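Enquirer: Sequence:
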Amino acid sequence: MNMNESQTHLVLHIRRNLLKMFTFSFIIALIVYTGMVLFPQKHTSEIQIYNTGFVYDIYADFNPYTPSKVLENPNNTTLISWVYSSKLLNHLIKIFNLQKHYKISDSEPNAYIKSFNKLTSSIHVEQTTYNAICIRVEDYDRFMAARIANEIIFKIQKLNTELILSKKKFLIEQYSAMSRKFEKLYNSKIDSLNNLLIKFKELFITPINNEKISLKLASSQELIIQTIEDFGASSKSLLEANKMEEWSKNYIENHKLPEALIMKYALPSDKISPLNFNNILTGVWTFILSFFLSLFFVAYTFRYKSTINILIKGFSNNTLNNDTSLVLSNTEKVITTEK
31 MNMNESQTHL VLHIRRNLLK MFTFSFIIAL IVYTGMVLFP QKHTSEIQIY NTGFVYDIYA
91 DFNPYTPSKV LENPNNTTLI SWVYSSKLLN HLIKIFNLQK HYKISDSEPN AYIKSFNKLT
151 SSIHVEQTTY NAICIRVEDY DRFMAARIAN EIIFKIQKLN TELILSKKKF LIEQYSAMSR
211 KFEKLYNSKI DSLNNLLIKF KELFITPINN EKISLKLASS QELIIQTIED FGASSKSLLE
271 ANKMEEWSKN YIENHKLPEA LIMKYALPSD KISPLNFNNI LTGVWTFILS FFLSLFFVAY
331 TFRYKSTINI LIKGFSNNTL NNDTSLVLSN TEKVITTEK
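So for the sequence shown, my numbering puts the first residue at 31; every next one is plus one.
What the hints contain is simulated information worked out from the structure, not anything from laboratory work. Misleading hints may appear alongside valid ones.
Unchecked claim - Computed cross-link-like contacts, EDC-like style, restricted to lysine to aspartate or glutamate with a CA-CA straight-line distance of at most 16 Å: (1) 117 - 171; (2) 124 - 181; (3) 148 - 171; (4) 133 - 171; (5) 72 - 136; (6) 130 - 171; (7) 72 - 168; (8) 148 - 138; (9) 124 - 136; (10) 117 - 192; (11) 198 - 171.
Claimed, not checked - Using C-beta positions, here's what the derived DEER-type ranges look like: (12) 143 - 298: 45 to 55 Å; (13) 184 - 144: 19 to 29 Å; (14) 173 - 306: 17 to 27 Å; (15) 310 - 184: 31 to 41 Å; (16) 196 - 159: 31 to 41 Å; (17) 323 - 45: 43 to 53 Å; (18) 137 - 111: 40 to 50 Å.
All of these numbers come straight from a predicted model, not from anything done at the bench. Ideal Cβ placement from N, Cα and C applies to all residues, glycine included.
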């Protein structure tokens, strides 16, 4: 059999099995499609926000002369760390009772940790090309996914506000302490100056009749001059500290709390219908893949069909010959016995 005849027989063999191939592919695609419709699928809700610097860096160094630096805008890395913070995740688990929602029994070992890890794996955060933050939440309940996504940003804003207010209080206390320190120094200089003036007055009252008193008078004059200079410097420092305290308090108290610009709130995803595009597309691709697999199987079996037939035919012929020889042998024995 030449090559053309072999190909012709192959095509005819495929045509004879074409209906079986289509039936097999359709059944497989139908099974996959039915499974996707019947079994639950994850829904995704997303919220987009623009970082205007509303997350405060708690590790910022305190600088009493640059209070604006304490409330400056951080980068998006800080925001992402807030999303995955244990404080926020624990809040979500508690407020939505996610352990029950995930159907994790309290009797299971490490039940809370399993809930925590499952929630973490369902949250995805990415930064867009326009420096916005996109937070996606996956869940089998489309309404729960939207609620979790919206609660994340609301909680972040609340935590950020509490943190900034706490830091404001801390800064005001620092400025007040600095002002009190300069005031204490100023008062000590006043006391020193008063003491020197009293001693100087006593020296003037005492008759100057010896060299020792003259030396004390000269020394007291020098101390008074030095104390007056220190007093002037302390007065200037105290004045600057008071001005800085008032300016800083006014800046901190009136500084507008930065917030996140919410570009898009999270909404529940559309309900998945049996005629969902993804389900249909998956069914079509399953049908095509199954058809090509069945085509390969039919072509493969046809290639070795002749070899298999020869082996079967040879086995049958050998069995028939053995049976014939056995019959002839028995016949000869019977004839010999009769003679």
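Enquirer: Of the hints given before, which are not true for this structure?
Expert: 1, 5, 11, 12, 17, 18
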